[in-house]
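Colleague: Sequence:
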Amino acid sequence: MKLSDLTPEEWYARLTTKTLHQRRTALKWWQYMNLEQELVYVARIIAEQDDRFPPLLLPWAELVVESVIERLRLESFLSGEAPVDALVKSWNDNDLAVNSDEAHKASSVSGLHFLMVGPDGAGGSPMVTTEYCDQVAVELDPRTRQPLVGLKLWTEDLDGFGEGHAALYIPEVPTLTQRRPGRCRVFELDENGALFETEPLGDWSRVIAEDPSLPSVPFVPMLTNPVRGHGTSDLLQLKPTLDGANQIATNMMAAVEHHAVGRKWVVGASEKDFVDENGNQIPLWRIAMGDVWAIPHAKQEQRNEKPPETKVGQFAASDLRNFHESLKTLAQVAASKYGLPPLYMGYSSDNPASAEAIQFSLERLVLRAEKRQLWYGGAWERAGRIQWAILGKDPTEISGMESKWRNAATPTMASKMDAAVKAVGGPVIDQEQAWNDIGYSEAAKAGMRERMRLRGVTAAQSLRDLDATATPRGGA
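Remember, our numbering sits 11 above the position in the sequence shown when you count from 1.
Incorrect hints may appear among the rest.
Quick list of simulated restraints, FRET-style, between CB atoms [to be verified]: (1) E336 - M459: 26 to 32 Å; (2) G134 - I449: 27 to 33 Å; (3) L31 - A455: 43 to 49 Å; (4) E336 - N110: 38 to 44 Å; (5) D131 - G458: 40 to 46 Å.
Taking lysine to aspartate or glutamate and the EDC-like style, the derived pairs with C-alpha atoms no more than 16 Å apart in a straight line are [unchecked claim]: (6) K116 - E381; (7) K456 - D441; (8) K339 - E443; (9) K427 - D448; (10) K382 - E77; (11) K415 - E453; (12) K404 - E221; (13) K382 - E408; (14) K116 - D96; (15) K100 - E453; (16) K433 - E453; (17) K404 - D222.
These are computed hints drawn from the structure, not numbers from a lab. Fair warning: this is a prediction, and the values are worked out from it, not measured in the lab. We put the beta carbon where it would ideally sit given N, CA and C, even for glycine.
Please model the complete structure; the sequences and the hints are all you need to start from.
Modeller: Following this line, the structure appears as C-alpha cells:
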C-alpha cells in the first residue's frame, strides 16, 4: 500500500508507534545525562558489597554535550547583510534565546528534536515552539526528506487525571485535475479517542507544501549527526567508555572500603569477641574500617596451661593508583573522540600549557560546535521560512537567508576589538563589518549609526556609505 492511500486512522497508528520508538531510544540517552542509566557492570559489584554504597557514576555525558552547546548562540537571521527584522522579532517574542538552548541540548542527547510553527503567537508573530521526540513524529518524503505528515501528542492534567490529546496534520496531495497541493487537513481526538476533522490550516500551508525545500506540515526536524534524514545521539560512542569508567570508579569505592584503610588482624580472638556492653555484635569494624581477620587460639590440651597472648596488628593500606591511571586512560579515550581539552576531563601535565597550546587544544571542539551551527541553523532557517509564509509573504524571498551565530571559538572582547581595529586600518574591512565581527547586536549598531548621524559625522544612515564617501588617504 502506498503512503498516499493511508487513512487518517492508519496514519495516527503509524506515527503513534513511531513516537513510542523515539521515546525508548531517547530515554536511554537521557538516563546517561541524568545519571540514571542501567548499571551494566556495576550491579554485580554493588550486590557483592551488600549494597553498602551506591555506584559512582561519572558525569561525562553532560560534559560532552554541554561543552558544545554552551558555545552555540544564535544572534540573528540575515538576508544578504541585512537582518530579517520580522524573524528577529519573532525570535524575541517566542523567547527562543532561552528555548533554543534547550532544543540544541535535546537534539544533541537524543539525536532528534522538533520545531513546531503556527500562527497566533505573542506580539503578532507566528508561534514557534520546541518539541521533544516523544511528543512529535513525522513521515519523511522519500524524495525531499522533508516531513510529509506530522503528529503532535500532548497531555492535559485535569484534577490529577491525564487526558491525552493529539493533532494529526495531513496535507492534501495534488490530483490529476488539481495539480497544486491543497491546504493541510487537521484531525484531533474526541473524548472517545476517535479522530475528527477540524478547520484546516491557512493558505500558508499550501505555500509551504509547494516548496520542496520546506516541510509540507509545520514541523521541522532538528537532527544531530544526520544520516539519510535521521539523527544519532552524540553519546553513542561515549557509552562503552563511560560504562567501563563507571565500573572502575565503583570498584575503587569498594577498594576504599577494604584496602585504602589498612585491614586489621587479630591472633587469639574470634568474631564473638567483638560485642558491645549488651552482648550485641558490633558490625562497625567490618563496615567502616574493613573486615577484621581474626584467628582464634587452639584449644588448650592441659588444664593449667597458660593461654597464649592475644596479638593485634594492621596490614599496610593499598595504593589506589591503578584505579586512578585506568580512569585517566579512559578519560583520554573519551577526550580524543570528542575533542575535549585535557583540563575539561580533569587531568593535565605537570608543566602548564601555553596560551597557544590551550587554543590549539580547543580546535576540534570549535569545529564540532561549528558543525552543529550548520545542522541546527538549517532547522531554524526552514522554520523561519515557514513563519514568512504565515506572515503572508513568499518564502522564496528569503531563500538565501542564513542564521548568524556567535563565534564558536568564544574569543575575548579585547581580542575581537584588536583584530577589528587592525583589519579596518589595513584597510581590509569597513567599519560596518568590524561591528559585525565584534558581535554587536542589530539594535546596538542602529543606535551607533543614529548617534553618529546626530553628531554630524555623516548624513548617511550606514557606515558603509561613510567609507565610500570618505576622503581617500593621502588626499587633500
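Colleague: Take the hints in turn and mark each one as holding or not.
Modeller: Hints and how they fare:
no.: 1; hint: E336 - M459: 26 to 32 Å; result: 56 Å, violated
no.: 2; hint: G134 - I449: 27 to 33 Å; result: 29 Å, holds
no.: 3; hint: L31 - A455: 43 to 49 Å; result: 47 Å, holds
no.: 4; hint: E336 - N110: 38 to 44 Å; result: 43 Å, holds
no.: 5; hint: D131 - G458: 40 to 46 Å; result: 32 Å, violated
no.: 6; hint: K116 - E381; result: 15 Å, holds
no.: 7; hint: K456 - D441; result: 14 Å, holds
no.: 8; hint: K339 - E443; result: 48 Å, violated
no.: 9; hint: K427 - D448; result: 7 Å, holds
no.: 10; hint: K382 - E77; result: 15 Å, holds
no.: 11; hint: K415 - E453; result: 11 Å, holds
no.: 12; hint: K404 - E221; result: 14 Å, holds
no.: 13; hint: K382 - E408; result: 26 Å, violated
no.: 14; hint: K116 - D96; result: 26 Å, violated
no.: 15; hint: K100 - E453; result: 12 Å, holds
no.: 16; hint: K433 - E453; result: 23 Å, violated
no.: 17; hint: K404 - D222; result: 13 Å, holds
In this structure, the earlier hints numbered 1, 5, 8, 13, 14, 16 are contradicted, and the remaining ones agree with it.
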